[in-house]
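Under our numbering, the first residue of the sequence shown carries the number 25, and numbering increases by one thereafter.
Don't read these hints as lab results, they were simulated from the structure.
One or more of the hints may lead you astray.
To be verified - Heads up, simulated BS3-like pairs for lysine-lysine below, C-alpha to C-alpha not over 30 Å straight-line:
#1 109 / 28
#2 86 / 28
#3 86 / 109
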Amino acid sequence: MNEKSCIEIHYCTRCRWLLRATWMAQELLTTFEQEIGRLVLVPGTGGIFEIYADGERVWSRKAQGRFPEIAELKRLVRDRIAPEKDLGHTDRHGT
Numbered sequence: 025m026n027e028k029s030c031i032e033i034h035y036c037t038r039c040r041w042l043l044r045a046t047w048m049a050q051e052l053l054t055t056f057e058q059e060i061g062r063l064v065l066v067p068g069t070g071g072i073f074e075i076y077a078d079g080e081r082v083w084s085r086k087a088q089g090r091f092p093e094i095a096e097l098k099r100l101v102r103d104r105i106a107p108e109k110d111l112g113h114t115d116r117h118g119t
């Protein structure tokens, strides 16, 4: 992989979801330290909580009706930015 990926986490400031967004950011940066070149937190309103990998939405709280489990999110991001990457125990446990 020559060019590293960009992850965006859009979160609602009125809902106070910054802590959740930063925790997920830390988990993704730790798991994909070689694959992620930039991770952006994007404050918003209206109950937004969406995650994008290289411009493609991989999670929407509104569409799914819930927040992602961290293992589930890691698999979704991996499938977009590094499909060959083994996630270890995360791959061996169901969602």
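key: Broken hints, by number   = Of the numbered hints given earlier, the structure breaks none, since each of them holds.
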